[in-house]
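Colleague: Residues per chain are reported as follows:
There are 4 protein chains.
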Amino acid sequence: MTTETTERVLAPLEAALPELEALYVDLHRHPELAFTETRTAAELARRLTEDGFEVHTGIGRTGVVGVLRNGEGPTVLLRADIDALPVEEQTGLSYASTARGVDSEGRDVPLMHACGHDMHATWLSGAAHLLAASRDEWSGTLLALFQPGEEAGDGAAGMVRDGLFERVGRPDVVFGQHIVPGPAGWVLTRPGVIMAATDTLRITLHGRGGHGSRPETTVDPAVLAASVVLKLQTIVSRETAATEPAVVTVGSMHVGTAANVIADHAVLEVNTRAFDDAVLVRLRKAIERIVNGEAAAAGAPQPPTVEVVASYPVTANDAAASDELTEVFRGHFGAEATMPAPLVTGSEDFSEFGRAAGVPSVFWLVGGFDAQQVITAMTEGRFETDVPSNHSSKFAPVLHPTLRTGVETLVVAALSRFARPGVAEGR
Amino acid sequence: MTTETTERVLAPLEAALPELEALYVDLHRHPELAFTETRTAAELARRLTEDGFEVHTGIGRTGVVGVLRNGEGPTVLLRADIDALPVEEQTGLSYASTARGVDSEGRDVPLMHACGHDMHATWLSGAAHLLAASRDEWSGTLLALFQPGEEAGDGAAGMVRDGLFERVGRPDVVFGQHIVPGPAGWVLTRPGVIMAATDTLRITLHGRGGHGSRPETTVDPAVLAASVVLKLQTIVSRETAATEPAVVTVGSMHVGTAANVIADHAVLEVNTRAFDDAVLVRLRKAIERIVNGEAAAAGAPQPPTVEVVASYPVTANDAAASDELTEVFRGHFGAEATMPAPLVTGSEDFSEFGRAAGVPSVFWLVGGFDAQQVITAMTEGRFETDVPSNHSSKFAPVLHPTLRTGVETLVVAALSRFARPGVAEGR
Amino acid sequence: MTTETTERVLAPLEAALPELEALYVDLHRHPELAFTETRTAAELARRLTEDGFEVHTGIGRTGVVGVLRNGEGPTVLLRADIDALPVEEQTGLSYASTARGVDSEGRDVPLMHACGHDMHATWLSGAAHLLAASRDEWSGTLLALFQPGEEAGDGAAGMVRDGLFERVGRPDVVFGQHIVPGPAGWVLTRPGVIMAATDTLRITLHGRGGHGSRPETTVDPAVLAASVVLKLQTIVSRETAATEPAVVTVGSMHVGTAANVIADHAVLEVNTRAFDDAVLVRLRKAIERIVNGEAAAAGAPQPPTVEVVASYPVTANDAAASDELTEVFRGHFGAEATMPAPLVTGSEDFSEFGRAAGVPSVFWLVGGFDAQQVITAMTEGRFETDVPSNHSSKFAPVLHPTLRTGVETLVVAALSRFARPGVAEGR
Amino acid sequence: MTTETTERVLAPLEAALPELEALYVDLHRHPELAFTETRTAAELARRLTEDGFEVHTGIGRTGVVGVLRNGEGPTVLLRADIDALPVEEQTGLSYASTARGVDSEGRDVPLMHACGHDMHATWLSGAAHLLAASRDEWSGTLLALFQPGEEAGDGAAGMVRDGLFERVGRPDVVFGQHIVPGPAGWVLTRPGVIMAATDTLRITLHGRGGHGSRPETTVDPAVLAASVVLKLQTIVSRETAATEPAVVTVGSMHVGTAANVIADHAVLEVNTRAFDDAVLVRLRKAIERIVNGEAAAAGAPQPPTVEVVASYPVTANDAAASDELTEVFRGHFGAEATMPAPLVTGSEDFSEFGRAAGVPSVFWLVGGFDAQQVITAMTEGRFETDVPSNHSSKFAPVLHPTLRTGVETLVVAALSRFARPGVAEGR
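Chains as they are written, first to last, in this note's numbering: chain U, 23 to 449; chain F, 23 to 449; chain R, 23 to 449; chain Z, 23 to 449.
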């Protein structure tokens, strides 16, 4: 597609920004946990319907897909994820979330869009609106996909299993993006592996309960859990080569309900990361070896239970598609705002769509923070401490130009694949 | 009082047992956490009223006291505690609790009478009934006191602060008892210190949150908590003489809500025990030193917060009153069922009543488990593993003769102090 | 024996003190490790010979026994141990040791009489001298036994195995004593168990060595050892009742020889204490369980090796003999200087002699520090920090009246058993 | 230089191999620790002298440099290191070392050439011999430098400080090489950073000593050391990004000398690695923070002492010189045996020579193990476990073709820089 086409499609964006900002603020104020995104899904479906999409809801529980069949040409899937996290917002924003919800363990937890999925959803809603409003400019089929449960695992796979492609058709290419703590206005990507593979494990350590004053009648699961957490550190520090990236994080640990009662079990939720699926398997085996050894050392009445709650492979970009798209981004945003992405230890189930469909996919990152502040912090070595990362309770993207950039990336990417009207073969 | 008097007062007990068993089962099925014992308190108040007591409710929030003024003579306070614990019952009993409640942190928790306070309440209700039904046999004033919040701290002190003695009068002696995993039918006591002093501390370890895949941007509170728990073990293993009893238990540890989010804090609930109030102070200082040092080692953004949630001094029996009562018990139960109590690492706020009133108090233990099984387990060295201790999810007293024994102890103790009718000066 | 006899026997003690002080200083300056006490043994044997004893050397490697057959009557064995420790003296004394030696592992180590065996030997040498010089005053056989290798284990048992009683005859009673950080001039004892049972274990943890920069090719024994040491703390803190004394100490831990080489094994020397032989067995089993579990958790190529280097049962005093001797000490030293001993967590192989001979034995403690300082430190709660304990590098007894007291205790104890001259049947 | 020249210079190598093998076996059997390499230095100096070099000994204590002034042309420094390690050899080789020595702490330790410096010395001795025997073929000055103390730090810097360049002249380029567990016959290099920066720290943790049975009078340095070792793991596992290589190894840990004595200090030797000098500084600060925090948590009487024993910056190859040499190696060994080197977490002080002289330097790696076995192990994922790494007690290079390859690399590299005879300007 020509630059002129792109300019025409994007022309109404400036005027649409207040409306998109309102959508973003509304989503931010009403975060919903994985697979409970009913309010979010309803609002996004409503907008797709208004824009003339054929709308499919409830795919993979709370997923929404809008289909816009606009003549001959390639089918482009644009994907955004929509779920929030059990984090207590501490941004101090006027539109900060005060919402609470019930997690999958039945716990009452605070909620926050601490990973920016509210921005992802707003971007895609905006891009869908612009593309729907400019059907004369392109030819093909647009799939605007809002995926639930990215944080919980099984969001993408669940949609595929639930008949996604049978219902809405199979795409020719899949595009997705993520907001990161980089300079607003920047777009970053790379060919090949871009994000890590990850396992989420739920480990139950079995002890023997009793009165807090008589530990000798018990096997104390708090002490067992503590020892496990410290020994798990050695997987990265001792069992992994320095040049081989790996992460083992115990994100949650819960033992007992009273100071003077020794509980009979502890529950750890563990998340691992690697840029190689084989390494991930090795991490899992090391975890199992450690928890079993520690339970034996503690004299536990039974071995620990290790459940794989979720497992994502690496997010890998098709090399040719990635290189091509990078050129398109450079043309649109300029080379100074189109950067090579670093390896990101975060994980995604985005790749699931391309893998399941057997088609190329490309994932990129969009900066969402004050460019001056981010660059100064990087230069002065304060980036890690001063710029809140994804999942932080202080994760607070700036709205401008962030809102605009993420809409433009999706539009530009889609247009790079669509055919010109009346030119069926597309690219 | 003569043995004949005692026999007459206790004569209706056999027939009353089915009713007491029903009360026990009902209380067991409906456990209530500290200071929320409204159903329990209402039922116990109802019975006191039926028995002709002047009933005071809502003392120290949910406390109940029945007053029976029965002529000249000493005032005897019999005390039972009534609150349950956040433990999930695993006894397999037909009347096992399936109740849940909300703890002081707002957490939804399972509930169980895992410390036998349901038995304590039943015993006192039964003894109050028998003494009320035999007013001709004794002279004096009986205070039947049902105390809330023993597990949470401040139950006894709260009743005193709330004007207990101003409302119901000041006792001349205070008696109390606790069910223990000893042979049913046995009564155990000792002069001087019988139960431990205890602190309950709530420790908040402050970290810095972030994404689970980027630990380098965080200070991980799960790792900090784990290190603290292991280092706390050294207070007993290295800082306390082998011959000086002390316990430091981390009963609960809670960090985070998701596997892939590093939380910004951890909360530990710690319970300590010693048989000397000075040692308790030393334990507290060691805990503070350790958590501060560990937070510094971890690079925590702020020092830990250590709150003293509850603090009980030692439970100490007045030596003369204890010796005298032991003789009375020997006369009633026989020497073979009246045993010297060991030092019990459990704690109690029972002593608060005698201390506040400036009068002697005596506390004793009553066995509640199958005598044959307990003795065999002791003999074969399997007591610790085979007999569930107080606070265990498997704590399941046998009803007979346990119900009977604990009623008899209270009646016998009270009668040992009351005057004969018409003989005002009493003992 | 009468007080007059005792006074006559002890009369030369005052004049002998400079000579005894010189002996003590000489022994203190020349400490020798277990079973290498050749210089010490030669000097003590020389003195016995001078005093007219029949001298047996080389019993149980470096043990020395002087036999003085002085007519009819009981045979009294007085025992002192003579070995030093691998500790670097930091007392600042003018006669501080600067000696070094080679330990059983071939390591070059500093040497110090940090447990006061130099005082024990001096006491017994002095008592032997006085008793030899006053043969007219008593009748019987005196065995003055200098035992090697008390610190290493097997010192007493080794002498017995080496034919001790066959060579020197069987005693009717065995006496021994130990210097402790109590007030000089005080004697402390108790019937029954007085000192702990103890195990000394040598644990080899097997890892896999390699370059320090490539831990992923190794199983790091330093990390394994660290985890084991922390987990061993839980045996006392979690597996032992608060009222049951027990100690588990890792006295030495050695891993590796260079910063940048990961070693292939670690060696821990562990010492345990309990006042009940069955508890000691339980501690040993817990240690084995923990080291095996930790090795499994670490992925160790083979299970740890646990060797029992030494094992002493409890030191227990014959109740009747102890009570009788306590009365004798009270008569001699006064009640204010004859105190009940606390349970001492230290251990001894002294009991081996009485056990092997099938006769009563009594062991007592003698204070060796400035009385004013010790009592002030106790009163002000600074005893633990201000008074160096046995095995401390600052263990520095005051010479007076310590030297005198320990000679008197042995003489008084022996005389309490000997017959009067011409009265063969003794007591 | 032409290939023909190279062939002529290398022609005598085949015949010289038995002699070189004998030298290697002799050096292997007689390993010497850093700065005590007197026997090794004497033998190497003897050979240089025989070959007609001007020989300088004792530079930087035990360093040896042979100077061969052979007409106009560049000065090329070829460097080999010669010290061994305190490792007990377990190769089972017929020529395995059984030597022992005394380390810098006065400890008696086993010795082994576990890092292949015996091979390095043999290679350089062989190359010096060939170049000396072919003076007609090249023009320039050859510096054959045998460096002591590479393992201890300060070997290279010590030679420079001791007037190296003033004594032997300043080179125009510096070449060095290291044997690695890769296929024998392979040469590996890369431009820029090739090996890690490293710190060696010696940490003394101060406790308070005492008797093993009375831990409450002590601050136990074994427990403190254990806690420090586990917490040090978190520097890599939690404080370092997954994509940023770093290593923190506690290579040695020594506490105490007897099971029943609690020592008053512990000594840890820690080695760190990073590929960025700034990261190394961060690691050091984290270590200091952790040891101080842990000492505070333990109630240590004084803060730990942290000494920097050695510190090496990254080993970085001059990009142009490296690229040029890689081409030369490809020409000589073939592309299939000239591989890109991985980032090596090992460290070197080789770069010190080029840095101090202000000239380019290039360092490369030479495989030394059976090619078939190494490649099979790599393919089957058993490389880490099956191929002993440098510093392993089983490090056993194959002699052929290893001996030949490392001589050829040095000769080829030197010739690539020397002028043709009579052509003074060289390259």
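Among these hints, one or two may not hold up.
Which copy is meant is left open, so a pair is good if it fits within one copy or across any two.
[What the hints assert, rightly or not] Within a straight-line C-alpha distance of at most 20 Å, the following computed SDA-like cross-link-like pairs (lysine to any residue) qualify:
1) K307 to R189
2) K307 to Q324
3) K416 to A399
4) K416 to R189
5) K416 to P323
6) K307 to T407
7) K416 to S156
8) K307 to A318
9) K307 to E402
10) K416 to D158
11) K416 to V350
12) K307 to L115
13) K307 to R91
14) K416 to T279
15) K416 to P96
16) K307 to E36
17) K307 to V289
18) K416 to R404
19) K416 to D184
20) K307 to Q112
21) K416 to H228
22) K416 to G74
23) K307 to V124
It should be emphasised that the hints constitute simulated quantities derived from the structure, not laboratory data.
Colleague: Does each hint hold? Answer for all of them.
Modeller: Consistency of the hints with the structure:
With identical chains, the CA atoms of K307 and R189 are never at most 20 Å apart, being 39 Å at best within one copy and 57 Å at best between copies. With identical chains, the CA atoms of K307 and Q324 are at most 20 Å apart both within one copy (19 Å) and between copies (18 Å). In this assembly of identical chains, K416 and A399 lie within 20 Å of each other by CA distance solely inside one copy; the values are 16 Å within and 48 Å between copies. Within a single copy, K416 and R189 get their C-alpha atoms no closer than 39 Å, and across copies no closer than 53 Å, so neither meets the 20 Å cut-off.
For the identical chains of this complex, K416 and P323 are inter-copy neighbours only, at 15 Å across copies versus 42 Å inside a copy, given an alpha-carbon limit of 20 Å. Proximity of K307 and T407 under a CA criterion of 20 Å is satisfied inter-copy only: 16 Å between copies versus 33 Å inside one chain copy. With identical chains, the CA atoms of K416 and S156 are never at most 20 Å apart, being 38 Å at best within one copy and 69 Å at best between copies. In this assembly of identical chains, K307 and A318 lie within 20 Å of each other by CA distance both inside one copy and across copies; the values are 17 Å within and 13 Å between.
Only between protomers do K307 and E402 lie at most 20 Å apart by alpha-carbon distance; the minimum there is 18 Å, versus 39 Å within a single protomer. Taking the shortest Cα distances, K416 and D158 never come within 20 Å of each other, neither inside one copy (43 Å) nor across copies (73 Å). In the homo-oligomer, the alpha carbons of K416 and V350 never lie at most 20 Å apart, since the shortest distance is 33 Å inside one protomer and 55 Å across protomers. For a Cα distance limit of 20 Å, the shortest separation of K307 from L115 qualifies neither inside one copy, at 43 Å, nor across copies, at 35 Å.
Proximity of K307 and R91 under a CA criterion of 20 Å is satisfied in neither setting, with 47 Å inside one chain copy and 60 Å between copies. In this assembly of identical chains, K416 and T279 lie within 20 Å of each other by CA distance solely across copies; the values are 16 Å between and 29 Å within a copy. When the C-alpha separation of K416 and P96 is checked against a cutoff of 20 Å, the pair qualifies neither within a copy, at 40 Å, nor between copies, at 61 Å. In this assembly of identical chains, K307 and E36 lie within 20 Å of each other by CA distance neither inside one copy nor across copies; the values are 52 Å within and 49 Å between.
For a Cα distance limit of 20 Å, the shortest separation of K307 from V289 inside one copy, 18 Å, qualifies, whereas the shortest one across copies, 28 Å, does not. Proximity of K416 and R404 under a CA criterion of 20 Å is satisfied intra-copy only: 16 Å inside one chain copy versus 45 Å between copies. Proximity of K416 to D184 under the C-alpha cut-off of 20 Å is found in neither arrangement, the shortest distances being 35 Å within a copy and 44 Å between copies. In this assembly of identical chains, the alpha carbons of K307 and Q112 never lie at most 20 Å apart, being 37 Å within a copy and 30 Å across copies at closest.
Proximity of K416 and H228 under a CA criterion of 20 Å is satisfied inter-copy only: 15 Å between copies versus 35 Å inside one chain copy. With identical chains, the CA atoms of K416 and G74 are never at most 20 Å apart, being 37 Å at best within one copy and 62 Å at best between copies. Within a single copy, K307 and V124 get their C-alpha atoms no closer than 32 Å, and across copies no closer than 38 Å, so neither meets the 20 Å cut-off.
In summary, the numbered hints that this structure violates are 1, 4, 7, 10, 11, 12, 13, 15, 16, 19, 20, 22, 23.
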